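Under our numbering, read the sequence shown as residues 74 to 795, first letter to last.
Since the hints were made in silico from the structure, they are not lab data.
Small disclaimer: the values here were computed from a predicted structure and weren't measured.
Take these hints with a grain of salt, some might be off.
Derived lysine-lysine pairs resembling BS3-like cross-links, with alpha carbons at most 30 Å apart [said to hold, decoys possible]:
(1) K541 to K554
(2) K327 to K344
(3) K541 to K458
(4) K506 to K458
(5) K564 to K554
(6) K506 to K549
(7) K463 to K541
(8) K470 to K344
(9) K462 to K506
(10) K564 to K506
(11) K554 to K612
(12) K447 to K462
(13) K458 to K447
(14) K463 to K506
(15) K327 to K230
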Amino acid sequence: MLYVTGGMNNGGPNAYSTVYYLDVSLPNPTWSSTTMVSGRWQHSAVLVGTDIYIMGGYSGNSGSAISLMVDVLDTLTNTHSSKSVDNLPRMRYAHEAVYSSTESRIYVYGGSVSNQSAVYSNVVDVLDVSTGSWIPGVIPDGGTGTMYVNASIINEKIYFKSGWNGAHPNLMDVLTLDTFNGGGGGNSGTGTENFVAKFNASGEHENSMIYQDVDDEFVVGTSVATNAQQALDVMGAINVGDTDTDTGTEGAIKYSALAQDLEGFVNGEWKSLTLGAGSSPAPTITPWSENASGDVYRDANNVGIGTDTPFSRLSFGDSPAVFDNPETRIAIFEDQFGREFYGIGATSIDPLDPGLAFFGGTGASIPWDGTTGKQASMILHKSGKIRFKKNANFEEKIGIGNEYPFSRISYGGTSAFDSPDTRIALFEDRFGKEFYGMGATSGTGAEPGLAFWGGTGSSIPWNGTTGKKADFVLYKSGTVKFRKNANFEAKIGLNTDSPNSIFSLGSSHAFNDPNSRIALYELSSGTYFYGIGGATLPKLSGGTNSGLAFWGGTGSSIPYNGFSGDFPDLFINEPNGNVGIGLLSSPNEKLQVNGGISLGDTTGSNAGTIRYNGDFEGYDGSEWESLTNSVAVSSPWMLVETLANNPSVHTSYNGGRVGIGTGEDAPNGTLEVRDDHATLMITSMSDTVSHPSIAMSAMAPNGFRKGGQCTFTVVHRPMRLL
74 MLYVTGGMNN GGPNAYSTVY YLDVSLPNPT WSSTTMVSGR WQHSAVLVGT DIYIMGGYSG
134 NSGSAISLMV DVLDTLTNTH SSKSVDNLPR MRYAHEAVYS STESRIYVYG GSVSNQSAVY
194 SNVVDVLDVS TGSWIPGVIP DGGTGTMYVN ASIINEKIYF KSGWNGAHPN LMDVLTLDTF
254 NGGGGGNSGT GTENFVAKFN ASGEHENSMI YQDVDDEFVV GTSVATNAQQ ALDVMGAINV
314 GDTDTDTGTE GAIKYSALAQ DLEGFVNGEW KSLTLGAGSS PAPTITPWSE NASGDVYRDA
374 NNVGIGTDTP FSRLSFGDSP AVFDNPETRI AIFEDQFGRE FYGIGATSID PLDPGLAFFG
434 GTGASIPWDG TTGKQASMIL HKSGKIRFKK NANFEEKIGI GNEYPFSRIS YGGTSAFDSP
494 DTRIALFEDR FGKEFYGMGA TSGTGAEPGL AFWGGTGSSI PWNGTTGKKA DFVLYKSGTV
554 KFRKNANFEA KIGLNTDSPN SIFSLGSSHA FNDPNSRIAL YELSSGTYFY GIGGATLPKL
614 SGGTNSGLAF WGGTGSSIPY NGFSGDFPDL FINEPNGNVG IGLLSSPNEK LQVNGGISLG
674 DTTGSNAGTI RYNGDFEGYD GSEWESLTNS VAVSSPWMLV ETLANNPSVH TSYNGGRVGI
734 GTGEDAPNGT LEVRDDHATL MITSMSDTVS HPSIAMSAMA PNGFRKGGQC TFTVVHRPMR
794 LL
């Protein structure tokens, strides 16, 4: 968590009492806030465990009162703590505070103690966190009053770096914590020349430390009541720490954390101070060191565990590699039975390609030993391949063959077409000849794309010049090409994202649009087209009709776009289903043809059928009838003569009755003529006929009658047949 306490708006009359805090562990953190007991700025804040101690500072703008209050904020609840803490012994602003976890104390130093004039403090006030009370102040060695000071704790010493006291002093004040118990100050109390001592609050000597110059030699006494007699005179035990260097100075003493032994540097090496003089052999020099934080390290040489010839900084196990061996595993955690294991080790799960295995908790089974146990969750093979036995979650982008991935998974380098190194195999044999997968290809043309192979048989995938071409290619332009059959179980929409049929092309009513046409063949220029599409044609009566159009090759003109171009060869009208062939407008009948219709013969017997078998005939449901009334071979009529300037036809009949004007009625005689005011002329065909005769009756509204206005003429003369 990150906390920001108090502050003041520049020029504002009051200091802020707001505390803002932010959970920086969240992916998208937002600020929250709470309040202090009182507003303040130029204060100090120290984290002690889960509490923040907020001390001193201005309560308003410059010149306002300086706060003595100590607020304690509980970060577990982000509310004011119920802990009881005394006010500061003296008011301060622009000061510094640090916390010593070893002593459970807060040390407050520096700052200005007056809001009217520059009075800089050089006193350290100490808060005992366990009691909430303050220990009387002390002046550190060489203490100089200053404000805007910085402080750090290093090895039980506080280093105060001065900030401002009317100038910029280049001073470092130091306070040694393990000898400080409060008091009036390092230079207070009684003493003699060249003598410095620590005193308690009553001015009494506490035997805490004595410095004295004896015969121009600097000596130190600690916990002694009289003057120190040696360079170091100690009444009590000495706590010796470790050193960071492998090489000491003659006579140096240290406590080796690694060997857990007191050691002295003698004749160029560290030797144990606890082993007897007769002990042999003497402890060897350890190559390990420990820093101030307790971290153990070494600066040079390699370390071998399970091998005496390490070739790396840390070499674990023998060389050559010992696979599937518990002794060459590194356990991050394991139970005492070796069955619950989190760690790493070498494995030969693939005898041809061994590698480094990672186990993610084995449950009730020991890690895999080559034949039994739980297999590794992840293996980094000798060849560089990585195998996951279970799911893997990668929060960052992954590049395979690409060190600058721009996507979640980036496979291969830029434009690495027709390369086996940039293919993803769902399955392939070890020879690379049987392959199911995908990869980038340049195809047969200049346009590259993503290719899919469905098993290559005995041929490697296409490499740009040889091998089997891809079964399916998604080109850079978005074009899709199938080399073999494609089966789509769902509906397919082209240029529409909501197909209602198994195959839907274009959006609704996209007429006269080249994007909604299906081409069976077309030139690249689009001027020669065989295919289908939606079209809108004009009506003869005005307006338009839309429908499905079929083009059988448009020649040099684009298909009709509503204004220009070749009209469709066949058109199915959308409103009524009328079909037009070769029309320049929408059809008015169920079938309308602009041009001739060629018919063939048929033996069918469906009423309404027409055919051509030497004559155009129609089937009326019972027999075929001529559609031209021409004389056929089977007709009882015989054409005799057709005059050029008289369209009447002279025919003869070889049997039966003849009716003229009788309509569908059967004639009553061999020849019956029905016509008001009709004249019938009969000419004798032979000289032997002297009295040709004919019976006539005129039609009347009430039936047949004799007489009337009917006339007839009989001519007796020979006639020549033409």
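Here is how each hint holds up against the structure:
A C-alpha spacing of about 15 Å is found between K541 and K554, which places the hinted pair at or below 30 Å, so the restraint holds. With a C-alpha separation of about 10 Å, the suggested pairing of K327 with K344 holds against the 30 Å cut-off. For the hint pairing K541 with K458, the CA-to-CA distance comes to about 26 Å; that is within 30 Å, so the pair holds. Of the supplied pair hints, the one linking K506 and K458 holds, its CA atoms being roughly 20 Å apart against a limit of 30 Å.
For the suggested pair K564 and K554, the alpha carbons sit about 19 Å apart, so the restraint of at most 30 Å is met. Between K506 and K549 the alpha-carbon distance is near 26 Å, which keeps this suggested pair within the 30 Å criterion. Restraint check for K463 and K541: not satisfied, since their Cα atoms lie roughly 34 Å apart, outside the 30 Å limit. As the CA atoms of K470 and K344 are separated by approximately 54 Å, the hinted pair breaks the 30 Å bound.
At most 30 Å may separate the alpha-carbon atoms for a hinted pair to count; K462 and K506 meet this at roughly 26 Å. Distance restraint check for K564 and K506: the Cα-Cα separation of roughly 35 Å exceeds the 30 Å cut-off, and the hinted pair is therefore not satisfied. At most 30 Å may separate the alpha-carbon atoms for a hinted pair to count; K554 and K612 exceed this at roughly 40 Å. Note on K447 and K462: the hinted pairing holds, with a Cα-Cα distance of about 11 Å set against a maximum of 30 Å.
A C-alpha spacing of about 20 Å is found between K458 and K447, which places the hinted pair at or below 30 Å, so the restraint holds. Straight-line distance between C-alpha atoms of K463 and K506 comes to about 28 Å, which keeps the hinted pair within the 30 Å bound. A threshold of 30 Å between alpha carbons decides the hint, and for K327 with K230 the separation of about 20 Å falls inside it, so the pair holds.
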